[in-house]
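Undergrad: Place chain D with the ligand on chain Z using the hints.
For the record, the sequence lines run as chains Z and D. Heads up: the first sequence begins at 134 in the working numbering, then just goes up one per residue. Heads up: the second sequence begins at 2 in the working numbering, then just goes up one per residue.
FYI, nobody ran anything at the bench for these hints, they're computed from the structure. Beta carbons: idealized from backbone N, C-alpha and C, even for Gly. There is no bait here: all hints are sound.
Reference excerpt, derived from the structure (chain Z facing chain D, CB under 10 Å, subset only):
id	residue
1	V206
2	S208
3	V227
4	A330
5	S334
6	L361
7	D362
8	N444
9	R447
10	D449
11	R452
12	Y453
13	S491
14	G492
15	Y494
16	Q502
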Amino acid sequence: MVGLSAEAQIAALRAGEVSSADLVEEQLARAADDPWGSFLRLDADGARARARAIDAAPERPPLAGIPIAVKDVLSTRDIETTCGSRILEGFRPVYTATSVARLEAAGAVVIGKTNMDEFAMGSSTENSAYQLTRNPWDADRVPGGSSGGSAACVAARQAPWSLGSDTGGSIRQPAALCGIVGMKPTYGAVSRYGLIAFASSLDQIGPFARTVRDAALLLSHLVGRDPLDSTSLEWPEPVRVPTAERLDGLRVGLVQELMGEGTEPGVREAVERAMGVVEDLGGTVVPISLPSSEQGLATYYVIAPAECSANLARFDGIRYGARVAAETLLEHYEGTRGALFGPEVKRRIMLGTFALASGYYDQYYGRAQRVRTLIVRDFREAFAQVDLVASPTSPTVAFRLGERTDDPYQMYLADICTIPVSLAGLPALSIPCGLADGLPVGLQLAGPAFSENRLLDAAHALEQAIGFDTLPPGVEG
Amino acid sequence: MSALEPVIGVEIHVQLRTRTKMFCGCELSFGDPPNTHTCPVCLAHPGVLPVTNREAVRLALEIGLALGCEIAPRSIFHRKNYFYPDLPKAYQISQYDVPLCGRGRFTAVAEDGREIPVGITRVHLEEDAAKLMHLGGSGRRAGAERSAVDFNRGGTPLVEIVTEPDLTSAADVAVFLRQLRQTLLFLGVSDCNMEEGSMRADANVSVRPAGSTALGTKTELKNMNSFRFLERGITAEVERQRATIAAGGRVVQETVHFEPETGEIHPLRSKEEAHDYRYLPEPDLVPVAPDPAWVDGLRAGLPELPQALRARWVGEMGLSHEDADVLTESPELAAYFAAVAAEADPKAAANWVRGELRAQLRERGEEPWQGNVTPARLAALLGLLADGTLSVPGAKEALAEVIATGEEPAAVVARRGLGQISDEGELTALVDRLLAEHAAQADQLRSGKDKVLGFFVGQAMKATQGRADPGAVSRLVRERALGG
Ligand SMILES: [Zn+2]
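One chain only, chain Z, in its complex shape (with noise of 0.2 Å):
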């Protein structure tokens, strides 16, 4: 059971042919052989009471008895939260994400908490203070981040799908790297209530999947306006779980500033034959430019340390997790967050607090705030010309663990396709478009605000043409 879809996985359960404890089983049994470090903890025992009471109870809601993995970026009750922080070692949480809550009403059954880097800082999972997370293409290889372990585990078949967050492209990323699909939704789709705060204007939920169908049927369920997140939204339409097989009169535009020379040529070429697959459906392929898109590293780079270096600053290992006991209040402080932050997190909440500094906040917070509004005209003015953009998810396939540890900046490179993305607070998924090197190449749509549904058709379309393989040479299927 543990190599199909969820999709298929609910048919099966419906169908009577296996029950809600049987498939959870499977699922537990292959994310706790876990040579890729795709979880930090199983909540095996929960899981497990959880699938019986589901295979007892009358009612059978849309997502019964399925199992989900869940990124431990997410608040889950009485289920140890850690961020992949030590300063947040041991702690266990009074309350439930929206997101996850959501799911569970669905009726989905939560068998783990993923591994990320920490505070979901990081393109790597390398910065996680725990484990590392090992890419199921190849274990020398990262799988992406921060959300690598809910994009290794689904990869892996370890779970059918998983949650994650994107923040300048933590899911896409590690989607595109890992082979699957992964999606961004529109900001304020899906609240936030619940997913501890990396840079607040930025963070998103998405699914990971290795469908874009169940992608789509999992996003169904998260999205729309939560009470408790005043910046969540109103859901215009039901997202449809796509069936599209035709791209007729889609435009797509290939974001030029993304194909250049810092992106691999076998990523170029596999995003390329895309782009044929895009034609031979029945839509146009035109190149486009996001002119400011240049300097969105930049920008990102300002913005999301600056609101970390505030949403940060309540782990101070009072009221709860880990802590260094001290003599003085400043001591406290600086021992408990000195000691028990990892170097990129630290490194960014420096960043962010010189930003924001008295006499500094117009020169960087100030100005990165204009260019963001410059990309946003930016996409507002490519989606007069396209329906959608379409880029690299990521300019490089997987790389070598450790290869770009000692480079943040390297590091910070690898999240150049997504980021603008990001910041215009735009939706958009990855999805598998071939392989380069025999690493997975991951395809980047973006649309319009709310244009769920559209990029999933076409998504959805380009999938069934290219036919890629989601199972990792290594993963038994």
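TA: What follows is chain D with the ligand alone, placed relative to chain Z:
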């Protein structure tokens, strides 16, 4: 050198009287056991988000409207960052460059009727910090064995009202604050209890040569929890600044603390105020954009405020500014007085409400609007006084009875026989008796010593327990003694 005059602006923090906190659903409380009104949001658990309390926005808008402020069509929240255990997020959600309410004006009126116009710079919304408790040692932070945090107060909606530096004396500051407080009480937006900290004031104080328009270096006098201390603190700080400058020194911009016990001013350690708050637009909240129709409705629904009430009472009823000021101390007292004044002579009503009624009730710990003396009863009593049925002492005694029993004044007068004696025959007999008993004084009177008249009136009151009509007695003494 010309005289140095004070220039003072104030910042007032007011806890709003909402049911729940500013950004979560916890109920407000005072005096409940520590940490019984908390939730993941106000404890800043990982992943939580704030949601703006609409009721708090409404109350803040009412304050802004009452102070004649411009209402921002779209105001935003900011994060004010600093680390302290009473601030669980390590930032306070406040407003920075786009407050809910902008420029306004509030004109206080001194006892002598002099107007004290004060520009309002802004009125904005924010959340209160939690309460730190220092255990062991002296109960202060220094020397405490440990500190604990009570998060019940954390997240209470606060409004900060900032004035222009338009005030020029400590006494005017006190008048302004007292009348501002009255306005807030009339609006019903806060209980404005300074001892419980639901209203707190800071003052920015500087001095400058009289006639100059340039501002001197200001100091901030922090967190005074009574108007009296604030007035004394400002006076002391102005004197300190004058002395500093007179001695050739310079005033340093700093926060100072007034020690009410010693009357001394101490600078707070500069380390504590070396904050760079790194203001950041709050990304978790959407802008507050109040519907103009809603704002218009709130404006139309404002009650008659004490400033207007005072002006009306002085103009229409002939009350003194002082009477009007005292009687608008609280909305309850003002409503009570207005009800009495509608049925009785307003000046007499003002006198009795301010004076005898409050004096008698104070012993019982009651307020006029709480006990047995309904406005109708007090008006009835004043009517009996006005028509001569009761003398002043008789009225006081009757009032005491009404307070104790809740009887109607007329019934009390009848039952206790408190009615004034004005019967000619009865009074004539009394006067004749007194003239006979005090022959020496009667002779003095006949020899032209008019002062002795008072002696006889006093004797008559004594003999009747104050019930004799003093005017009639006085007339009869003359008639009978002088054979007029
Ligand atoms: Zn609360």
